[in-house]
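Student: Residue numbers (my numbering), protein chains in the order written: chain A, 1 to 382; chain B, 1 to 311.
The reader is advised that the hints may include incorrect statements.
[Claimed, not checked] Some, not all, of what chain B presents toward chain A, calculated at C-beta under 7 Å:
#, residue
1, LYS144
2, PHE229
3, LEU268
4, ASN271
5, ALA279
[Claimed, not checked] Reference listing, derived: stretches of chain B covered by chain A, where coverage requires no fewer than 3 residues with Cβ under 8 Å from a Cβ of chain A:
#, stretch
6, 3–12
7, 132–138
8, 151–157
No lab work stands behind these hints: they were computed from the structure.
The beta-carbon is built from N, C-alpha and C at its ideal position, and this holds for glycine as well.
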Amino acid sequence: MIGIVVAVVAVVAASTSCGKSKNSGGGGTPTLAFMGALTGSNAQLGINIYNGAKLAIDQHNAKSGVTKVTLKKYDTQGDATQASSQAKKVVQDKDVAVIGPAFSGESKTADPILNAAKIPFVSASATAVALAQSGWKYFHRVLANDDVQGPGDADFIAKTLGAKSVYVIDDQSEYGLGLADAVRKQLKTDGATVKNGSIDPKGSDYSTTVNAIKAANPDVVFLGGYYDAAARLVKQMRAATVKATFVSGDGSLDQKIADQGGASANGALLSCTCSSAVGSTNPKVQAFEKAYVAKWGSEPATYSAEGYDVGNILLQAIDNGKKSAQDINTYVASIDYQGVSKPIKFNSTGELSQSLLFMSEVVNDKIKFLGPTSTAKPVPAG
Amino acid sequence: MHAFVTQFWPSTIDGLTIGSIYGLIALGYTLVYGVLRLINFAHSEVFMVGTFASLFTLHGLGITHAETGFALVGVLILMGLAGMAGSGITAVVLERVAYRPLRKRGSSRLAALISAIGASFFLQEVFALRYGRDLLSFPPLMNKTVLFHIGSGQVRADKVLVVVAALVMALALDRFVNGSRLGRGVRATAQDPDTAVLMGVNIDRIVMITFLVGGMMAGVAAMLYGNYFELTQYNVGFLLGIKAFTAAVLGGIGNIRGALLGGLTLGLIENYGGSVFGAQWKDVIAFTVLVLVLMVRPTGLLGEKLTRARA
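Can you make the complete structure from the sequences, with help from the hints?
Tutor: Quick look at the structure:
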């Protein structure tokens, strides 16, 4: 009997000491955390980022003579409540840095926890403006915020598309409302007539909104929201013979808007502060595209290139001997990195110092990258 | 109020359309409640299975573009039959696995309620794991032709189909319950199960038929929903289920005609309310009206007719 007790105690002691040595920064493998939606209705965006980051880490670990790095998944399901509990787990697990959190809503609950624990977090996709205004020293993002996307979209709608009247809809989410409000403000400055609406992203019947659009007869309908609501909305809009051009932001930029929206999604214009790695002439980007296709069997999609860049930035920090969370953060803050998505250099708030907005269009059921909004030319429908 | 006036006809048409779908699903809640005094919370998943069955029928038939004439009618009928089979079988299996064992042991209704919620999660997750959590698109089956206008409202072929099919199904169900031998068994069981047994009614069989018929109504709703919205998802039943349950309570739970009336009323209130206050207030308005109606008429618009004899 006593023997058993002693054995159990020994095992427990061994396992705890083992756990300790694993996380003590020194000689063990540093662990990077991925935080974002891997399941749930908008999971594809999270999966794209994860696939990009995972590719960076696998390529790194395949080299000889480098510190091997582990990537651990924390699935937030895109949900703010889940995200805060996953952030607590990241802190408990003593991971050295976080790739993510992916969405703006979940960032709002998870970021304060990570910042208080002094763990650097670099988002590949969260674009809410407020995130950079909280004075978080451990926050960075590798794409421009909604203050760039919203006005950029508005200028594109008013100038390039020449729209006089615009119906701007939000999905009442942290991200969707922020983006839609920024678009509304700039459209008014540009002299367009703006009508407003809101939809429930979980609802399936958007008839009230569609009827209001039909009555307003706008040139352009803009949605601040994600691709599943966008797919429902365009389907119901086109069924009700609304002819207006459909424009939306990065939350809707995924092949799924074309798959789910069917023929109705064709002609939809989707903006993003993220770049596309598909069809580039830059050899570095082409190499990334090739490696991505070889590993995942599909083209890099929205945020994949950004996920890859975030992974590589953190790996570069580790390769330069920065093993603790604090050192990695200091290193990332002063980095000047030529990423596959764009040049990456941060200012003091964790934002990129140079911001760009890009446009894509659904053409024949596929997403086509049109380039920066300043030069993008939409393909005529039909 | 200006929007209410300008959008009165479009709101009315869309309200009746979605209301018909609510009504058809509500029939399942109402029938089961009438007979067993149980809220079958897994009924929303019975509907969900129906939408998948309809979708797979279209895939199986290789439909990729809109059909017309007899081909369209044939495909719609097949789709409806598949939906009814999918939902009906799910409902019957659910009763056998999740409710009957509890009923036989004489457990409380609360236990059956928990069992229902469990079955609901189980079905959702099975479909999520098998078919993914993303929206699945239906191929366009029907040209959404505008038949005619009422005011500024477009009367579209697919909307007319929803309303007409719902009315026909509800009428058929009403005839079945009030006119057939089996229907008499259903009513007898609803009024007094003990006496019904003494009169030679096979309760298990009646309960099974109740679930089957309720499921088949949800299956028709599923086919209509698929043709109308052309999208489905593993959790498609969740919000619709709540709305349909609300419709059943609004009309008087346990009352067949009430379920349809409740569905149509709810659909109209939602759309009128949404046009005045904005689409984001739809649900708030609908549930506020529900509370107000229940304060004045606790048994709903038409009262608990099917079970009136039972206190």
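Student: Would you mind marking each hint as holding or not holding in the structure?
Tutor: Hints, one by one, checked against the model:
1. Among the interface hints, the one on LYS144 of chain B holds; its C-beta lies about 5 Å from the nearest C-beta in chain A, closer than the 7 Å criterion.
2. Nearest Cβ of chain A to the Cβ of PHE229 of chain B: about 6 Å, under the 7 Å cut. The hint holds.
3. Below 7 Å, beta-carbon pairs count as interface contacts, and LEU268 of chain B has none with chain A, the closest being about 12 Å; its hint is therefore violated.
4. Hint on ASN271 of chain B holds. Least Cβ distance to chain A is approximately 6 Å, under the 7 Å limit.
5. With a cut of 7 Å, the hint placing ALA279 of chain B at the interface with chain A holds, because the nearest CB-to-CB distance is about 4 Å.
6. With a cut-off of 8 Å between beta carbons, the stretch 3–12 of chain B has 5 residues touching chain A; three or more are needed, and the interface restraint holds.
7. A stretch counts as covered by a chain when three or more of its residues have a beta carbon under 8 Å from one of that chain; for the stretch 132–138 of chain B and chain A the count is 5, and the coverage holds.
8. With 3 residues bearing a CB less than 8 Å from a CB of chain A, the stretch 151–157 of chain B meets the requirement of three and the coverage assertion stands.
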